[in-house]
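Chains as they are written, first to last, in the working numbering: chain B, 1 to 473; chain X, 1 to 395.
The reader is advised that the hints may include incorrect statements.
[What the hints assert, rightly or not] Ranges of calculated distance between the beta carbons of each label pair, as one might list FRET restraints: (1) X:D182 with B:H115: 48 to 58 Å; (2) B:G411 with X:G30: 14 to 24 Å; (3) X:K217 with B:A364: 54 to 64 Å; (4) B:L13 with X:D288: 30 to 40 Å; (5) B:S31 with X:T142: 55 to 65 Å; (6) X:Q231 with B:T102: 52 to 62 Å; (7) B:V345 with X:G30: 30 to 40 Å; (8) B:F43 with X:K183: 27 to 37 Å.
[Claimed, not checked] A few chain B residues facing chain X, derived, Cβ under 7 Å: (9) A106; (10) P121; (11) L414; (12) G447.
[As the list claims (entries may be wrong)] What the simulated footprint calls covered on chain X by chain B, stretch by stretch (three residues with Cβ under 8 Å from a Cβ of chain B suffice, anywhere in the stretch; the number is not a length): (13) 54–65; (14) 260–268.
Note that these hints are calculated values from the structure, not bench results.
Backbone N, C-alpha and C fix where the C-beta goes; we use that ideal spot for every residue, glycine too.
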Amino acid sequence: MLFPTVEYALFFLAVLAVAWSLYRFPTAHKSFLLLASYIFYGFWNWAYIPLLFGISLFSGLVAQRIQRSRTVLARKCWLAAGVTVCLATLGYFKYTGFLLTTLLQAWGRFAPPPHIQINSPLLPLGISFFIFHAISLLCDCYRGKVREPVNLGDALLYVAFFPQLIAGPILRASRFLPQLAIRRNPNSIRVNRAFLLIAGGLFKKVVISNMLATRLVEPVFAVPQSFGAWDTLLAVYGYAAQIYCDFSGYTDIAIGCALLLGYRFPRNFNAPYTAADPQDFWRRWHISLSSWLRDYLYFPLGGSRKGKVRTYINLMVTMLLGGLWHGAAWTFVAWGGLHGFYLVVHRLWSRIGWHPLVRWRATAAWRWASRILLFHAVCAGWVFFRASSFATAFTVFGRLTVPGVATLATGPVLIVLFLGLAGQYMPPRWRNGLEIELGRWPALARGAVLAVAIATIEILGPTGVAPFIYFQF
Amino acid sequence: MALVILGFLAAIVLLESDGLASWANHLEIGPLRTVAVPVTAAVQKTLHPLGVAAIRDRALEALARVGWTDDAALLAKAANPPRTCDLPGASGCATSPSANNPNPASTSGLSAGANTPDHNAHNSFLNAPGARTPLLGDVPKTTVLTPLSPVEAGKPRVVVLTGDSMMAVGLSAELMREAAGDKNLRIVKAFRSGTGLARPEVFNWMDEYPAMLGEVKPDVVIVAIGANDGQGFVVDGKVLPYGSEEWRKVYQERIAEFLAMVEEGGPRVVWVGLPPMRGHIYDEKIADLNRITYTVVSQSPQATWWNTASYVGDDAGKYREFVTLDDGQTIKIRSSDGIHLSDEGAGLLTSVLLKWLDPPAQPANGATAAPAAAPAVQVRPAVKHKRNVHRKAKG
């Protein structure tokens, strides 16, 4: 059940109505949301509900054991056991095929490899996200950030809550579980904000992302050999806009839906292409993942507390694993490695204390130059992220040097590309102003405005519904 | 919040009553559709006199005129808006179909487009070979792609790729990548993911294919379609469950119609049989669909049904995920969904197709040597005929 479908709209309206009718009865309310989440997940494949349920239950039980353990050693053992099982599950479903292929390819370089006839397991939808939720629950309990005893029902709902189940944002147990402990208040919902998020997310996904995908990015990345420099450059820019609009559109809808149900999700994107350095970029791009990797991987590795070289190694390890989390392919590892390299170079660059350079770095001209430079560095990373193989990625880079006319630069494509990239410079006060302005309108009129917005999006979007890019992760 | 949602529901139903009815009709046969179709139809009928829903159609047409849409049929419709003569009640127009439509091909319904659907013409395809042929047994494991005439200098062979995601994912991109720079081939894309031949009310290939082709006259058409067709459909208000006798009859007719359409103008057609699938139930459906398409395609002298299981299946023609090539490299030939081919898996097929479409030049034996005819490419299980493919697979 994809967000931009009538099926989801009907499902969500039904859930909204029932959930609010039960808000005075917290247990029934949460039980209903859990049931709705399993139905939502079951729309794709009922076969994986036991896995989702099993991981949620397991992490809830281990979290309880961590909280009840009296010694540090026992807490550590429970944490290690819980995280190991979670990562082993993720590894089995997501990386078996990748590891097998890599192993057999390496084997084939030295001797004839064995003929194997096994199939790698089918990848359950959203496994990377719900496993990370489970690990967050374990780690937050270990660190004492979850103060109240973990309730198993709450743990199940935390991992499976449908707005974030398939592609995040990745919630922290320490911030979400307390929300489950308090009774919902229908009068405290920022309905206008939720509607703006949903409409904005739909526009980004259905109009901008889908059009860029079908009319610019897919043709070029499928057969880069057929396109010259202008088309290739546009497609690379187009993919930067597409993936941003696709993923931030999804999370905007998720945040808006959760808000209507009375739950607050963290912000996941904050105009990432306005960043002027790689560190700033990762504070703005997929914030819930980058902060998860920082808190549960980079810091435990030692962060920046163990000297310069160790810091650089930690950065590289974190980003390489972050790349691998996105997909079981070496191109994703290369993407992560490239970003690790950017972070290391930026650290080295920032340490240069030559006075004229420090002064120059503070100028507006440098800020803009560094934004442009970083944007192109990020785009170079996206080529590896999007390409199906290294050969395709290098062909794309190669085509940037081949003269040719821009055959794909049609009016609609250029308009949505501009909106996708320049839209990030839209001042936040505009959306806040719109939210306040909407608040002055009669309720029925506000609903009608939302309906007009959604009907317009439906008309402007290409036919068919493309799945969200991040669903594959 | 309740009032806002009420306002939203009222306005969206008013604005999108046509869209909702269309959504309901596109649903898979099942309980949801059974409920949704009459409800949305009643809403549509009630609200239609208000004329609000017509705004949507006009907006879509206006967007198509400025090139916003990617729907080939809609673009064709916008490029050739209905003339006065086409409108109901118009007077002073010739009654001859050829006077109404100067394109002679449209009399057979092939370029009718969305604006002039000619269902009677479509029905004429029911006499196409294979439409009524009793279902044949197992599909052949061996296929012979008889040689094409040599490519004339300066006149590239026009190859149209058509179908659903079985063509769009892996196969088309791999073929186009490998053919890039080959001056003897011109590849034309005419495929669309998420479509099929079972549900023309969802995506009507009889309208869309001619619109996608435009003025292109193909020499070869490669078809890979049917992965979404294992579902029931409705004919004249009657639900035909998947696999029933009536379903098979109608589906066979639809295959025959489509084949007759793509054969219009005389191109050679290669119908790529669907590969074995990972899911057991789905695999059985696909095998069944393959038997139906084979039954129809085998009746046409212009078309060849090609069994891909010879390449991407195991020794028994069943699903396999990995293949070890002769050079020792192990490749993953299926995508993670267990349905589509990976790029490397598609490469096992495209190497054969390219060899057939543009065979390597024969070594010249003298200045007067006549152009040699291309060799026949015999497609058999890869284990037995490794030498016929560029990328040789071990079983």
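Status of the hints after comparison with the structure:
1. X:D182 with B:H115: 48 to 58 Å: Check failed, 34 Å falls outside 48 to 58 Å.
2. B:G411 with X:G30: 14 to 24 Å: Given range 14 to 24 Å: violated, Cβ gap about 41 Å.
3. X:K217 with B:A364: 54 to 64 Å: This hint holds: roughly 58 Å between Cβ atoms.
4. B:L13 with X:D288: 30 to 40 Å: Hint holds: Cβ distance 38 Å, inside 30 to 40 Å.
5. B:S31 with X:T142: 55 to 65 Å: holds (59 Å)
6. X:Q231 with B:T102: 52 to 62 Å: violated (38 Å)
7. B:V345 with X:G30: 30 to 40 Å: violated (55 Å)
8. B:F43 with X:K183: 27 to 37 Å: violated (49 Å)
9. A106: violated (10 Å)
10. P121: Hint on B:P121: violated, closest Cβ of chain X at ~9 Å, above 7 Å.
11. L414: With a closest approach of 12 Å, the B:L414 hint is violated.
12. G447: B:G447 check passes; min Cβ-Cβ to chain X is 3 Å, inside 7 Å.
13. 54–65: holds (count 4)
14. 260–268: violated (count 0)
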